[in-house]
Each structure stands twice: as structure tokens, then as C-alpha cells.
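Peer 1: Protein sequence lines correspond, in order, to chains H and Z.
Just so we're aligned: 61 in my numbering is position 61 of the first sequence, and the numbers increase by one with no gaps anywhere.
Just so we're aligned: 130 in my numbering is position 130 of the second sequence, and the numbers increase by one with no gaps anywhere.
If you are wondering where the hints come from, they were derived from the structure by calculation, not from laboratory data.
Note that the coordinates shown come from a computational prediction; the quantities given were computed from them, not determined experimentally.
Even for Gly, the Cβ is constructed at its ideal location relative to N, Cα and C.
Hints may contain errors.
Unchecked claim - Only pairs whose alpha carbons sit at most 30 Å apart, straight line, appear in this in silico BS3-like list of lysine-lysine:
(1) 5/Z - 126/Z
(2) 237/Z - 409/H
(3) 60/Z - 236/H
(4) 236/Z - 54/H
(5) 83/H - 286/Z
(6) 181/Z - 60/H
(7) 181/H - 410/Z
(8) 85/H - 292/Z
Stated by the list, open to error - Per the computed footprint, the stretches of chain H lying under chain Z, defined by three or more beta-carbons under 8 Å from a beta-carbon of chain Z, are:
(9) 64 to 77
(10) 157 to 166
(11) 175 to 185
(12) 306 to 315
(13) 393 to 403
Protein chains: 2
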Amino acid sequence: MGELKGACILGQSGGPTAVINATAAGVIQEALKQDCITAVYGAAHGIQGILNEKFYDMSKEDPYELELLKTTPSSLLGSVRYKLKDPDEDDTEYKKLLEIFKKYNIRYFFYNGGNDSMDTCNKISKYMQKVGYECRVMGVPKTIDNDLWGTDHCPGYGSAAKYIATSTMEIYLDVRAYDTKMITVLEIMGRNAGWLTAASALAGVQGYGPDLIYLPEIPFDIDKFIDEVMSVYEKKKNIIVAVSEGVRDKDGKYIFEYGPALHKHTDAFGHVQLGGLAATLAGILKEKTGAKVRGIEFSLLQRCAAHIASLTDVNEAYLAGQAAVQYAVQGITDKMIAFERAEGPEYKCNIKLVNLTDVANVEKKVPREWINKDGNGVTEEFIKYAMPLIQGESRPPFENGLPRFARLKKVLATK
Amino acid sequence: MGELKGACILGQSGGPTAVINATAAGVIQEALKQDCITAVYGAAHGIQGILNEKFYDMSKEDPYELELLKTTPSSLLGSVRYKLKDPDEDDTEYKKLLEIFKKYNIRYFFYNGGNDSMDTCNKISKYMQKVGYECRVMGVPKTIDNDLWGTDHCPGYGSAAKYIATSTMEIYLDVRAYDTKMITVLEIMGRNAGWLTAASALAGVQGYGPDLIYLPEIPFDIDKFIDEVMSVYEKKKNIIVAVSEGVRDKDGKYIFEYGPALHKHTDAFGHVQLGGLAATLAGILKEKTGAKVRGIEFSLLQRCAAHIASLTDVNEAYLAGQAAVQYAVQGITDKMIAFERAEGPEYKCNIKLVNLTDVANVEKKVPREWINKDGNGVTEEFIKYAMPLIQGESRPPFENGLPRFARLKKVLATK
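Using the sequences and the hints, build the whole thing.
Peer 2: If you want it as C-alpha cells, here you go:
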């Protein structure tokens, strides 16, 4: 594992978060420092940009703008949901990738994403090994869903959790302004894992939490739900119920399909795109109970709110990107950067490496023992786990009253 | 107009904002300093609390918690939507109020609210004058809708505008992560006046603005809307459309009534409570165009987001409350505190007084000349007007990663 001289390329993949660009800053700033890295490319829309030979020369960017990436949400290089075929069945795209890697002498490949993206990263890593092209491949975790296997948590989660907890607190005060009865249903993202919805419980640490919380880990029974809501509502008269967009009944049918499903789509991985659940449940509760019910969907706001990101999350996202480059330069390949929580009373997170093979396509759900017995709330263990992840406040610099986000020149690399 | 010795009472009324409690801090802290004010009461749920003889002794509160009111959203004393009868038809409630005012020797009445609340304030003022009970009555403006007559702008608007502009910028980046076509419809509050929806245009100052903006001031033509959206969509492929919840067709029918109206309610003033417009329009656009369309409703988040309030707004809200007390002590009554923008290149706002009679029930809409010719955007004049109002960032102190909002003891006043 001697020195490997060549270019590096970074791809952003999967759904946006508040800190995916902070990871990009970590990768790019670190790579620009490394002597053995001869060029630093940023792929336009992940693997798709590489296949289309469309990537940017990051050395052409203003260093101040690269610094601003730390507080700029979404995927500024452009993201993608693109599933590579099994190379044993069809290796056309892999051959194309290899050709481009050779053409630009790309020897370092960094891919920042979630489960599906680690699958892509893993396939490329294994293919390059198979054909004997020396290239160090490193996955960097990213997902607000926090469902990646092998890591204590994922960059992106802490910021989304902080936004959700803060907004839940603010809504708690808002819906209590009037001396009237009301049920508020919060719809929170999370297709199969309830990490984000569980984060609403953090508002309860300050005394402004939801009364009931429903995660997709537990089959959702609409009658039980109505009974539980009514039981709390009768006692408290003004209640908040947090529900994951991904809740399904015992037969696996999404609850939002019970009502008008206005945002139903299917993405390239065959995932149904969710939405409209809050409205559906609000309609059902209104019909069944006659209560005043308001549905609130946090929607995209929860994943792109850089203005109230977790500083811990931003710093860790940056470090993950930086570490990926440092390890790769040292000779590591075929791994994903992961976090390991140190023992002891103080929160401390160390970086470890996990095998891409082990991570690809595996989903980590909220453990059953962190969900209460009735399946309508979370336990103290979850709170202890999540609180350190939302510590510290990060926001972009504000200019003229508005956030100043990074502006990239996006100079296309040529050969 | 000599010194008037007696108690004062503050009522919060109408919809929550991020800064209504900042005004309360201004009133309470200033009133506690005044020798002629013998007690400082805060009404539980505005006029309803006074009628029910339920109000709090604010001198019992911890000064630190009163200070925290400046960064605590919603209406911490409790708000109300309650319409007093015409005293010439039924003066029962006025007699009750007079009795309570006499019992507690209330000589200063401060009412913080919007159009409807100024109607309440005006009726009480005129009644007290008619029956010869000396009481200084001051209205203090408050509404995210910014539709109060006689003032340059209203406390609450700047913070909601800042939240809307910031969130629009973040959504702008989020929806561009993928290299795919999409129409995003933002639903923004505002029943009859388009000030809040217009604020989405402020995101455009940084280059992240919506492509089309529809205000309730202009009759909404669904076919024209579809044509305009499609025309921009064909050129740009990824577009954002901001629409006020209150848009109506030429016959006055709400557009959200074209589709499923899940949140339809009527409040005490006979206003229809709106919501679900984004979903309705998204559904219509999807059906007509086949495009991928996402509807996002800012919902309550836009009016309670103290975590990204405008510092200018917070400061002005505080000053308005403070000024109300100072003027009343000096002998002024039957007025509302208003803002007047000073001439000159620098933004400076002076306090002036307007007659309650002139303010009650009058709505100030966005001037036609601040809306573009096609009725689907705003002009530079609007931007110039609104930008100073979102300057500076205010947020609550954060403790353990979460906002620390004011906690009041709410000790009931007794006599």
C-alpha cells in the first residue's frame, strides 16, 4: 500500500440533508491539501455525472465558497437516485466507468450517501478490484433517516432531529395560544425507520413534547390509534401526535393510502414516495371524533433547514469527509466511514471503518426496546442516544437578513 | 391629563406570532417600572380572561423569565378570538368589564392584536369614555398578516417574512438536488392580504426566489395559472410557485374549495379557516400536466418560528409595547401605537399614534403597483419595503441543544 498518485472524485447521492455539503467541504478541502491527489473532481449528480463525463474541477472554486459549503444545505454538486445493474448480468456501465477513471486517472472515489448509495459504492469497489484497476473507494455516510448499518448514527440526522424538536416545541406553544380543544398531527419523514419521528420526543426534554408518537417499526392499527388519541384528548384537550410518513398496517399497506394520496410516486429504486399522511389522519380523526384537527407536514423543510442545523452534526459530517480522504491516502479502500460512540459519561464520537459489503442495502431500525410497551412513544434510552447529536447551533452567515449559501462556479473538468 | 394611579392589564389577542411575547415583555417590564402603575396584570386569553376575572399578577414572575419573553413565540398569556357585541345593542359584557376594572382599579388597558382586536380595543375605549370611567386604552399592533391600517408595518410580519424567505431559499436548493423536472407549490398564509406570500420574493434577492407568486389581491384564474406555470416550467424544468392560501376566483370562491378542503373551519369572526390549497393546486397541476408536483404548506411553522426571527421585528415589537405604556402614563388614550418610516436612505422607524376608530376592522392590502402587471409576481418597490424588516437574526437562548422559552408561574391575581 504505497503512495497512489492520481485524481479523486466525489459523488453526492440520495436525498438532500442539511450537512451533505459539509461532508463535501471535508473531502474537497482535505483532498486539495494532499500531494498525491493530482486533481479534485466533484461529480454532477453522483454516478450519473461520472457516466456522462460531467464533473467539476474543484480547484477552480473560490476557497471562501468551499468554506461556505459547511453551512449550505442540499447537494450542491447535484444528487441522484440511480441503481447500477448487477455487473454479472450487465457490465456496460462498469466498463464505461473504468474507461472514464482511466482517462482522468481517477484513483480515489468517494461516495456520500445512504443505503442505496453504499450499494453503488460497493459494486464499483468490487468491480475495480475484479478488473485489477487500483482505485481506493470510500463510502461516506449520509442520511437524515439515520438507518445505515454499522455506524452509531449518520451525518444529516442530528440536524433534521434538531429542526424537528425545535419546530415541535414552537408548534406546542402555538397550538396552545387559544383556550380551545385541538388535535395536531405532525407528519415526519422516515420510510421504514422511525429515527426522525422519534426525534420529536426531544421536544419533551424541555416540556413541549408530543403526547403520542407512532413509528414505522410498529404495525399501525387505525382503531388502536383512534382510541389512544381520544383517550389522551379527553384528558388533556389539546394534544400533539407525531406520526412517521411510513406507518403501515399489519398487512404492510401504507396508512396514507387509506385517504387521498396526493404525492404518490415511485422512485428509481421502487420506493413509493410518501406524503399526505397528516391530512389523511386528520380527516379520519375529524370524522371519527368531531374534534378540531390540524395536520402539519414538515415536508422538505426538515431535511434542508441549514438555518437551525446541529453544530455537532455539521462538524461530524465534515470530519467524516476529511477522514475518508486521509484513510484513502493511507491505503484504505472498500470501506465506509462510520461513527463509534466512546464509552463514558461525555459524548465523544470516534471514526471507525466498516466494510462496504456489510453496509450496502441494510437498514437499521429503531430498536424495539427504545419504543415504549404500547408502541406509541419512545423510551429514555432513545433520548439519551439522540440528545448529544443535536448539540450546538449552526447556521450560515447571514447577509442582508438572508442566508449566504455557497455559490460554485462549477467549471467542467476536461481532458 | 395629570397622573393617573392604578393597575394596568395587558391582553393578547388573535393569531400567534413570533414576537407577540416580545411586546408583552415591553409592556410588562415598562409598567413594572412606572410608579403610577400599582399592579401589572396579564389577562389569560385576552378579553375572555378579563371577563372571567382570570388574570395573572406579573410582578410575581421571575425577571429572567420576563426577559425570555422576547424570544418566546406564540401568546404565552393565552390569546383569544372573541368579538364583543355592539354596546348599543347589548352592553352586558361592557358592564361586566367596568365592574372588574373598578374592582381591581384598572386604569390602563393595553390590547395587543390585529384588526379584530383593535375593534375590541376601540369598543372598550369608547364605552369607558361614555360611562366616564377614566382608563387609558392603548392598542398595540400585532399580526403576521401585516394588514393593519395606519402603520408602516406590523410587529410579527418581519419574523414571518424572514422565515418564509429563508425556508424558500432552502427549499430552492433542496428541489434542485436531483436532475429531474419538478413543480413545487408553496402555500403561504394570508387570508385577504398577500404580504406574507410576497415575502417569498425576498429569497430572490439572493437568487433563490420563486418563479411565480400569486396574492389574494388579484382574482385567481385557474386556467391562467396553469398556462403561466406550464410556460415557465417548459423553459426552466424545475420551478417554484408561491401561492397565498387566500386566493379566490373572480366570483370570490376560495381556490382550495376546488379540491378536498380538509382543514375547513369557521372561527368566531366568521372567517373561513384555510388550508390544503397546496395539495389542491398540486393535484390540479399534476392532472393537467403530468408533471411531478410537490405541495408544501408552511402551516403554523411560519408564524411561530422564534428560532429564526427578525431581530428588527423583535426589537420593534418590544419598543411598541414599551411606548404604549409610556404614552398612556403621559395621558394618551384611545390610540394604537403605529410605525412610521423615516425619510432617507437608512431604514429608521419612528413611533406614531393613530386613532383606534380609524384602525378597527380596516384591512391594508398589498398596493396594486407593488404587484407586477401580469399579477404573478411583486415589484422592486415591495422588496425595498420589506427588506429592512427582516434584518438581524434573533433566536432564543439554547440549552442542551434546544430553545429555552420563557416559563411563567401565572399566579392568579386576587382581590
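Peer 1: Quick check: which numbered hints come out false for this structure?
Peer 2: Hints that this structure does not satisfy do not exist here, as all of them hold.
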